[in-house]
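Engineer: Protein chains in written order, with this note's numbering: chain A, 487 to 628; chain B, 0 to 345.
No lab work stands behind these hints: they were computed from the structure. Keep in mind that this is a model prediction, so the values were computed, not measured. Treat each hint with caution, since some may be false.
Said to hold, decoys possible - Here are a few chain B residues that face chain A, going by a calculated C-beta distance under 10 Å:
hint, residue
1, Ser6
2, Ile32
3, Leu35
4, Val255
5, Asp259
Glycine included, C-beta positions come from ideal geometry on N, C-alpha and C.
Residue-level listing of the chains:
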Amino acid sequence: MKKIDSKLLVFELIRYALIILFLYTTYHKVMDIDDFEKNILRSKIISEYSFYIKYPLPIVEIVVVLLLFINKTLLYGLYASLFLMISFTIYLIALNNFSMFYGCSCGGVFNDMSYFNHVLINFVTIAINIVGIFLFESKYAK
Amino acid sequence: MKQKIYSILAITIFAFIIVGVLFWISLKKEQKIEFLTERNIINLKKADAIDLKDNFSQMRFYNDELFFVSYEDGNQGKLYKFDSKTKKINLFKDFNQYNKQGEKNIIGEYYIKNENDSLKYFYKNNGNNSFRSIYNDQLLYEKEFKIMIQRIFYHDDENSIVTTWNPSFEPEYYRYNIKKQEFSRIKFDYNLIKNIKFQGVALDGIFSSNNNQIFLTSYAQNLVFLFDKQFNYTGHFTLNYKNPTFNILHTKEKSVPVIDPNNRLPNISVDVDDQYYYVLTNEKGDREGPGTYFVDRYNLIDKKYNQSIKIEVKENNLAPKEIRINKNKLYILTKKNMTVYEKDRF
């Protein structure tokens, strides 16, 4: 009987959890792009850059999904998703402390989440993402 | 392993730099609201500082008793009352019992009146753009507005003023008869506001009243509109600062209007007695957060600015959000605290 590599299993779970997360938020952004733009316009920090965020951000998220999906680019995908998650979280915390609008433009259920829950989920995702980076081994990239 | 740790650190620092630069640019754009004269600052004696334990809003006096609502989860649709002996806020009335299934109940502006020795509660339910009136623990009526209402000044069931704006953002003011569901337009001086962009939204504000007049103060502009007790528009006065620009942004495809988050909103809260008009304002036109706040006082005889108190705020939670004047005291509500000042010199 073939022995299950538990490290690989955890790693694959993390990888596909991140892929699903980015696909989910990208889907909601693209499906209601006007609502996504409205949320960007409501943000004190990024309202004037709405044009540079509205289309490029979903594209960047799709690129991250592709990087995570392809074995050879997997590690880059993990780093890229970590960068996005940390940036979103700093932005969310900064905006919540200096503006009346707490600033989530993620899409889907995340838009209705309270600030505290949203930040909590982001921290959990960042932690999972970091665990994924440490679990990654070069043999997975083949 | 080492390489991975360095990469994670580099990514974290890079993310901090990117968001930090965006944030720094946005803070740099903030400018002070230009006050037209020197402020005449006086100090008031602090009478009390009360920890309210929770986040309350809409502080109102009725018969010298202090009422609040809360927009925190699970607290909506409830009226709270301050107990001056225990210095605690307690639940006073829960209006959620009158909700239809699935109906949202968010108390907006509310009024408490005495009718035949019983209290009558009237409020705008922001959950569904309707009025509710509760009397003798019974829902007297719930009526939906025929037009989208922004603000209401309620006098009784046959007399109130409501404000709205039309699709061209022009403000409209109406006498509203709730009983008959009838409304009639109040004559207004539109020449006065012709240079203001997106007038209806820019002039959206707060109603307050004394024994003689009703005041409508814009959040974003320096104008205070006056109405008499028969609800006729009688004029205006100008607050002592230069108007900041007010803007509305639009999404590209469907052109959905969005209020520019960088708009300055100098007038945070207002109260009035028979002699003076008081406005809570922030040096930069921010409605919350650390900064310098003032309560500016205007004399109602000459409608001119005359005094201020200054409040330096270092913590987000201590930023003033509402003021109330009652007898000889000034009440300032922050997120979870209330500070009471002796008003004898103010």
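Engineer: Each of the hints needs a verdict: does it hold here or not?
Structural biologist: Against the structure, the hints come out as follows:
no. : hint   : verdict
1   : Ser6   : holds, 6 Å
2   : Ile32  : violated, 17 Å
3   : Leu35  : violated, 27 Å
4   : Val255 : holds, 6 Å
5   : Asp259 : holds, 7 Å
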